[in-house]
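2 protein chains.
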Amino acid sequence: MTAGSVVIEVTRGPVVESRHEGIAAIVRPDGSVVASWGDVDTAILPRSANKPIQAMAFVESGAVERFGLGDEHISLSCASHNGEPRHVETVRAWLKKVGLSEADLECGTHPPRLQASIEDLVREGALPTAAFNNCSGKHSGFLTTAVTYGEPTAGYIKYDHPVQRRLRAVMSDLCGVDADGFAHGTDGCGIPTLATPLRRLAQAMASMADPSRLSSKRAEAANRIRAAMNAEPFMMAGSGRFCTRVNGALPGVAQVKTGAEGVFCGMLPTLGYGIALKMWDGAARAAEVAMAALLGHLGVLPAGQQEELLHPPIRNVVGLLVGEMRPAKSWLG
Amino acid sequence: MTAGSVVIEVTRGPVVESRHEGIAAIVRPDGSVVASWGDVDTAILPRSANKPIQAMAFVESGAVERFGLGDEHISLSCASHNGEPRHVETVRAWLKKVGLSEADLECGTHPPRLQASIEDLVREGALPTAAFNNCSGKHSGFLTTAVTYGEPTAGYIKYDHPVQRRLRAVMSDLCGVDADGFAHGTDGCGIPTLATPLRRLAQAMASMADPSRLSSKRAEAANRIRAAMNAEPFMMAGSGRFCTRVNGALPGVAQVKTGAEGVFCGMLPTLGYGIALKMWDGAARAAEVAMAALLGHLGVLPAGQQEELLHPPIRNVVGLLVGEMRPAKSWLG
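Protein chains in written order, with my numbering: chain A, 119 to 451; chain B, 119 to 451.
Each hint should be verified, as a subset may be incorrect.
Because identical chains share one entry, a pair is satisfied inside a single copy or across any pair of copies.
In silico SDA-like cross-links for lysine to any residue, where the CA-CA straight-line distance does not exceed 20 angstroms [stated by the list, open to error]: (1) 276 - 131; (2) 276 - 434; (3) 214 - 448.
Calculated directly from the structure, the hints in this document are not laboratory data.
Values in this document were obtained by computation on a predicted structure and should not be read as measured data.
Given only the sequences and the hints, what does the whole structure look like? Please build it.
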């Protein structure tokens, strides 16, 4: 089934005030399309939505066992986290375990995403460090992999560093196309982000959801990553976040991951499907409602969160309900 | 001239990563269209982009003279400000002059928009108050008008309060259609926001840019407001903001005002035109580039700011230039 675009509406009173459009694909591990909306052969930048794929080389390396790491570290390696204390402290302790420190992170420093964490820093008179970067867990995974293979850690974000080469090799295997041929831009955290046809990105997610066609080592890594995303959902994102709520509510059923500029990916192991979606305008608010609608369409939206995820309320400054977001009737509304 | 949509692109490396679409109209005071893109008869919610229109009743009331107010207060009455110290202190002093206080503001309280101002509050251990609300200047104008006319101030945000009735009467006069017939939602600050055909919103702006067909009292108010927006551009918005930069750079030539959900309006007195635009997805980043492109199209983009306003750079966490925003070639690129 191929149909029109993904459409998410934003209402205010009786008016549809704003409207977001995008593309989405639900795909099997062999690349066959279960359902799609829009031109899903368009190459998009997955940004952080493919972090679970990027975590594969880390888990496959045996670093988890070697350094006594656990689900919280694997989940962090897939995370775009809030920079809350548990995220930051776990990253710092992890880097120490592998003989490194925050100074080795090449992701740069930005204030924590959660306003309360920014305010904590201000009260302490402290400045954020690289561990607060929402990508610090993924970068810790990259560094740990380099250490495991005895590679230089400096420059691990560069396109030709072995760490990045391995990411492309995994991506090629999971999505069925040579990722070395993909155009690329530079992500917020400095690594290459590969222009991937949306359908192939969904196929890569499907290959992690149902890894039966992968090598046994790779399949084991995929199973381990999915389990960690469900077991440690706070590490994936943080307080109040969509990924944390959904992954925590659907153990064994769904593992979803947000990315910048309106991308969202998901693995559905009980169905054997992968999902990828991109909102053209890059709006995270719309990508979340679109992911909720796709989960609902497939019958795996967490009970008890359906209304809030599908129709997030819009309140004004004094807390009055003034509108909502919703999938358009022309799509899955 | 009517053509396709407004299109703003967001690039990352060689890839167009995201894309924003919208509608725009450049109109004369009689409602005739100079140029338009998309269906400009669509009714949109102007949100804060029509604050200069909403300031008309305040200035017409004679309150400025009666209470010894000046350009800074008029500019604040048109503002979506950052909640920086000068904004907050001026609002507090103003309300005192008219015998009121922050307790009379019905806009609600939110943290200041500027992160540095939030951090100042945290350091002081203080909480934001209603004066920090980006709309506190507009609401001070509403309250002052009610006091001037001897009306009850409580409930001034309600659809049937004389303050709101007067706003609709001014809007009807400026845009040439009875605004009492417009559907409405509730704005962030609690007042009604009227679903206005985009072309009519641009016409209202044109009527303020060239007020020759208005009553002399109303024309004088429009001239006074435009002058104040140029003379006190900081009060309109604040540090680093588009409205502050453009209005400060183009005295007598342009007065622009942003609104939530991707709306932007402008007055061009030397040309006698009004501008209104709406990005469908509600993105402020795209509305700014679109306004810059329209000003450039009309030859009134401030020299020295052209590159930065038309092609805002996108930098990653470490400050590397990784992309830019730009008007699409299919539009005004």
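Hint check:
For a Cα distance limit of 20 angstroms, the shortest separation of residue 276 from residue 131 across copies, 15 angstroms, qualifies, whereas the shortest one inside one copy, 49 angstroms, does not. In this assembly of identical chains, the alpha carbons of residue 276 and residue 434 lie at most 20 angstroms apart only when taken from different copies (15 angstroms versus 44 angstroms within one copy). Taking the closest pair of Cα atoms, residue 214 and residue 448 never come within 20 angstroms of each other, the shortest separation being 52 angstroms inside a single copy and 52 angstroms across copies.
Checked against the numbered hints given earlier, the structure breaks only hint 3 and satisfies all the rest.
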